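Novice: In terms of this note's numbering, the sequence shown opens at residue 6 and continues consecutively.
To be clear, the hints were calculated from the coordinates, so they are not data collected in a lab.
Keep in mind that this is a model prediction, so the values were computed, not measured.
Some hints could be false.
Derived pair list, reagent style DMTMM-like, types lysine to aspartate or glutamate, alpha-carbon separation capped at 20 Å [to be verified]:
| # | residue 1 | residue 2 |
| --- | --- | --- |
| 1 | Lys54 | Asp76 |
| 2 | Lys55 | Asp118 |
| 3 | Lys54 | Asp118 |
| 4 | Lys55 | Asp76 |
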Amino acid sequence: MILATHIAVAAIVTKPVFQNPGLIFLFAVFSHYLFDTIPHWDYQLNSVKKDENDTLINATIIPNKKLLGNDLLKNLIDFLLGAAIVVLLIRPSLNVKDIAPIIALISGAVLPDFITV
Numbered sequence: 006m007i008l009a010t011h012i013a014v015a016a017i018v019t020k021p022v023f024q025n026p027g028l029i030f031l032f033a034v035f036s037h038y039l040f041d042t043i044p045h046w047d048y049q050l051n052s053v054k055k056d057e058n059d060t061l062i063n064a065t066i067i068p069n070k071k072l073l074g075n076d077l078l079k080n081l082i083d084f085l086l087g088a089a090i091v092v093l094l095i096r097p098s099l100n101v102k103d104i105a106p107i108i109a110l111i112s113g114a115v116l117p118d119f120i121t122v
């Protein structure tokens, strides 16, 4: 799934525990893995070459600045779209008490994709 979808799903799943940033983070990570079990598409990362024969590390980054820049831009737009949707829906005030759950939600929702490029 794309990052925006994972962030939106995590916002729904974490609503019952929204006053506890630690639980929000755990629920968001869990929701990521749960929803990754549903067949879906991912956009292609052109700067990453998959190697299905390598069981330890199955991807290599291609050292091409243009490809890497395009992939980073794709991911940044995707991430910002998801974050914007959550912020617009929740409308937190600008204090640590209200921002911490948002940060926990977003970081937990996208972390699995960043550790399994």
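Novice: Now look at each hint and say whether the structure bears it out.
Specialist: Consistency of the hints with the structure:
| no. | hint | result |
| --- | --- | --- |
| 1 | Lys54 with Asp76 | 13 Å, holds |
| 2 | Lys55 with Asp118 | 15 Å, holds |
| 3 | Lys54 with Asp118 | 16 Å, holds |
| 4 | Lys55 with Asp76 | 15 Å, holds |
Checked against the numbered hints above, the structure violates none of them.
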